[in-house]
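K.L.:
Protein chains in written order, with the numbering used here: chain B, 1 to 480; chain A, 1 to 650.
Incorrect hints may have been included.
Which bits of chain B does chain A cover? Going by a derived footprint, with three or more residues having C-beta under 8 Å, they are [what the hints assert, rightly or not]:
#	stretch
1	212-220
2	260-267
3	307-313
4	417-430
5	461-467
Computed spacing ranges between beta-carbons, pair by pair [as the list claims (entries may be wrong)]:
#	chain 1	residue 1	chain 2	residue 2	range
6	A	Lys252	B	Lys395	40 to 50 Å
7	A	Ser614	B	Glu464	34 to 44 Å
8	A	Gly462	B	Lys395	51 to 61 Å
9	A	Gln468	B	Glu326	49 to 59 Å
10	A	Gly462	B	Asp292	36 to 46 Å
11	B	Glu464	A	Tyr194	52 to 62 Å
12	A	Lys276	B	Lys110	19 to 29 Å
Computed footprint of chain A on chain B; a stretch qualifies when at least three of its residues, placed anywhere within it, have a C-beta under 8 Å from a C-beta of chain A [unchecked claim]:
#	stretch
13	116-124
14	402-411
These are computed hints drawn from the structure, not numbers from a lab.
Nothing here was measured: the structure is a model prediction, and the numbers come from that model.
Quick reminder that beta carbons are idealized off the backbone N, C-alpha and C, glycines included.
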Amino acid sequence: MNAPKQYCTGLNRRQFLTNVGGGIGAIALAKILSEENLLASSQGPAGGVDLMAVKTPHYEPKVKRVIYLFMHGGPSHVDLFDPKPDLIKYSGVPLPESFGSVMTRREVAKNPLLPPIRPFRPRGKSGLEISDFLPHMAKVADDLCVMRSCGGDSVNHPQSVYQMNTGSILMGRPSLGSWVSYGLGSENRDMPAFVVMPDPEGGLKGGPPAWGSGYLPATYQGTTMRPGKNPILNLRSPEKVSGAQQKSTLSLIQKLNTSHIEYRDYDDSLAARVRSYELAYRMQTAAPDIVDLRGESESTKKLYGIGEEPTDEFGTRCLLARRMIERGVRFVQLYSGGTLGWDAHKDVKENHTRYCAKTDKPVAGLIQDLKLRGLLDDTLVIWGGEFGRMPMSEKGTGRDHNPWGYSVVFAGGGVRGGMAYGSTDPVGLRAEEDPVHVHDLHATILHLLGMDHERLTYFHNGREERLTNVAGKVVHGILS
Amino acid sequence: MPAKKKRAGVAMLAAICLATSCLGERRNRLEVEKPITDEDRSHWAFQPVRDTDPPKVRNESRIRNGIDHFILSRLEAEGLSLMPSADRRTLIRRLSFDLRGLPPTPTEVRAFLEDNTDYAYGDLIDRFLADPAYGERWAQHWLDVARFAESDGFEHDQVREDAWRYRDWVINSLNVDMPYDEFVRMQIAGDELYPGDESKAIATGFLVSGPDMPDINLDEERAHTVLNEMTSSTGLAFMGLTLECAQCHAHKSDPVSIEDFYRLRAVFANMEFPEKNKQLSHVFLENDAEPPPSFVMKKGDFRSPGELVDPAFIRIANPMGMAVPKSSGNSKTSGRRKALSDWLTHPEHPLTARVIVNRVWQHHFGSPIVGTPNDFGILGERPTHPGLLDWLAGELIDGDWSLKDLHRLMLQSAAYRQSSRPLGDSWELAVRQDPGNRLYSRMNRKRLEGEAIRDAMLSVSGQINLKQGGPGVHPPLPHEVAITLLEKQWKVSEDESEHTRRSIYLFNRRNLRFPMFDVFDRPDANASCGRRNVSTTAPQSLTLLNSEFSMKASLHLAGAIINKANRVDHEKWIRSAYETLFARAETHSERSAGLSFLKGQAASLETEGRQPASLAIPEGLSGGIDSYEGAALVDYCLALFNLNEMIYLD
């Protein structure tokens, strides 16, 4: 009813009538729609606009898609990617006064320094130092770019989870994945542009707002998917409804909806809804196809640690991530770690031994597999948590949260491999050289995707909002 | 601000600067507050509400009330006219959903069709306004604006045990037609206005409805965040001002300074905060003592207090020149919020009445007069019909702020009754001349919200439990959703009859929107939402097609249809389904589509060799039914629930 009556892109009303209105019904419509490939549309006040159309980035992108491996709870940089000889040297000694006052979550500032739990070694040709906690990632060291000088603004989990995902410590802002979907659209109209695979244990601190779309249209929010028979909520037809049965129900729906539109002047929003049923139907095929791993070779599965413990679960999700980006999903985010996850307050050794064992091989396998298939060149893989951990001990064997200095790892297109960028102070407490704030990380990720973080904006409640608020600079030092 | 106060502020700042030896920074941070200029005041929304006479029109015969003068005169200027009225079946459905969020029952439809008096339409409006379902429907609109939820948000997302009392207060206030000025006053200062009356204090739940992090590290950070949020939400909800832009620096586009922001925040400065890890009270509590001094927080940083400020109102919206009194005269509270509530509801406040009439209009007409209901500032949209907006604001105030009278006014207009479908010769021209329907040359078609879709499905399938009020209920969540929550965050209500209560009564967890509402664009409760997105997505279709909820509604509807017909009678089934769902008889082609579906579906289920036990059998049957016939009808009902007509209102 709004907007000029162009039924859908490229089809005018006459064509619409010829193709559909004359009683050919849902079958003809299905054909048109499968060619048209529209996952979702959204009407703001202005009428039907295809929000998921592929958009041209601001400049030539280095990568087309992102796989974000989120280590929930905060992995310890000083035990994994940021070797600190001084921590060994001054082990057991309280942090020198010269470091000034330190804001911590659990008042550990005066506790003695805890040396790295496992030794670091130079790896690969580059000699990038990585801890023995991560023997598999160590093997792909020459593909990794470790930013050792990252920093955020809060010592708390939910605020930091929000910040790492949305740029803001407050809840309810649009997430990185939703900004990317908004900025670039979707290449595969049978699947959402932004898929999230939470840890099956659940319990992410901060919850679903971490992949929400905030004030951006709901179309852009992360769709949660999981391995197994029911990968997307309500994807499968109800238990007592067979495929054939549903097909005829759907065709009745389309038939009645199509004639409903005829009496309503081909209202765009009604037409969009007719299309959404076609797409729902196709998703019912596309999504199970993604999670069906039968076509994957044994050697591939082995690479990810699928079929063995404790890597089977995370390995399966990593492989799913590859299968999704192969099919044009723009942004895939995986969480490792349930309620507690990598949050090693009590015992870093116990915690990180467990979590590294679950994830190290799958992460390395994913990078190797992407490389083998030529996908790593235009994919960005991100590894990191919401913050790192303190150099001081907590309860003797644990470590408290540290947002002031920690490591985030990039691998893939446009990024230099085998390098460490920036540094923390001698004990790993604060980012010191070339600090990289979360806003800078986000600016860099958008840059790699061909977008200028200052130009990717959305007008909301009186302001041109952006992912990086009023800050952010691209970390040029890591670009290849 | 009077010069004297300003000097005091500067003196204090100087003292602080000396004390903290930060004189060097002083120049940078002392961004001088800009005075309000005539140009600032010239923005339409800051001008006084104008006393406008409805303009003349050529075609008087279409006029039903003042609204039509404004709408029709604009249309006539473009060579257009009002669309003819929709038919009565369409109108009763429209009115019923708009006022109650529920479809009319077949009995209500019949009664309305048979009532040939001149008052039939007005009586219908009155009946719907008198139905408690009215308050339940309109409360959700307000709760969107009030960013209401029943938990804190953040990591622990702890339940706010008493938050539902505010929700019930909103419902009841709307149902008893509490005047809107009182509705505002109570939410700002119910406790100050009626000391000692706990039931009045509940309204201040508005102020403390935002997200909060009880375990945040520093008390000062928590208080700062909560007070800023409260100030921003007050601006958005009551005034359509985006004050939050001014918490870090002077507003970039509106004449609102950072001092304005923190002066308004000072009104709330006496709020009593619990100790760390303890939740806020469900009502606004004040300390007994003198309010603490308030400062401008430079760059919005709680660690950077700047100039000392006294409580005061936003200058640009204060042509009345009202001030916050020094003391309340009572020892319990500061009296500042009472002053704020008086200011907001002063008949000369340029924003309050305009903002609410725009909100009400939006929900009836499908688009607001000011396209940005939460932003009446410079960057907001301009009103399509400024004269109408002011006239409605005046009518509201003159009518003692009665919202029900405002509804009556809007619903009685010819503009509201227009057809949303092509009718008569004027359609083509209207669509061509007014493609976005900014001029209201026809009725907008409205997409129902997830809440209304759910309520309608429960209602037509006979499952709905219309019990009113009380703590939020927890219907079962899909397993996949439940596991994303921390343990015990969603304890399913034991009494199953509670699971089918109206959507407004579902427990509203900040960190988890109920899936059915989430998928249909319910806003998250982290900021005031004046206008929901309307998206059309494949997951919506999957929800209506495959969810357990849809299946259950189909089973119940099919059962009721069979019981009514008392036998296998496809024609009767189809008629009864259309009357129940769409308040009309089916068309000829709908009948033949239905007949061939029912016959074909039953036959193919049998041909498929499906065992009766593997079929979905209608619920609540009073007699027996052939399994294949029953299952085919269930599928038919499911199909009808998925029709555009089910979720779009003509």
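K.L.:
Hint by hint, note whether the structure agrees.
P.N.:
Hint check:
| no. | hint | in the structure |
| --- | --- | --- |
| 1 | 212-220 | holds (count 6) |
| 2 | 260-267 | holds (count 6) |
| 3 | 307-313 | violated (count 0) |
| 4 | 417-430 | violated (count 0) |
| 5 | 461-467 | holds (count 3) |
| 6 | A:Lys252 - B:Lys395: 40 to 50 Å | holds, 48 Å |
| 7 | A:Ser614 - B:Glu464: 34 to 44 Å | violated, 56 Å |
| 8 | A:Gly462 - B:Lys395: 51 to 61 Å | holds, 59 Å |
| 9 | A:Gln468 - B:Glu326: 49 to 59 Å | holds, 53 Å |
| 10 | A:Gly462 - B:Asp292: 36 to 46 Å | holds, 41 Å |
| 11 | B:Glu464 - A:Tyr194: 52 to 62 Å | violated, 43 Å |
| 12 | A:Lys276 - B:Lys110: 19 to 29 Å | holds, 20 Å |
| 13 | 116-124 | violated (count 0) |
| 14 | 402-411 | violated (count 0) |
Of the numbered hints listed earlier, those contradicted by the structure are 3, 4, 7, 11, 13, 14.
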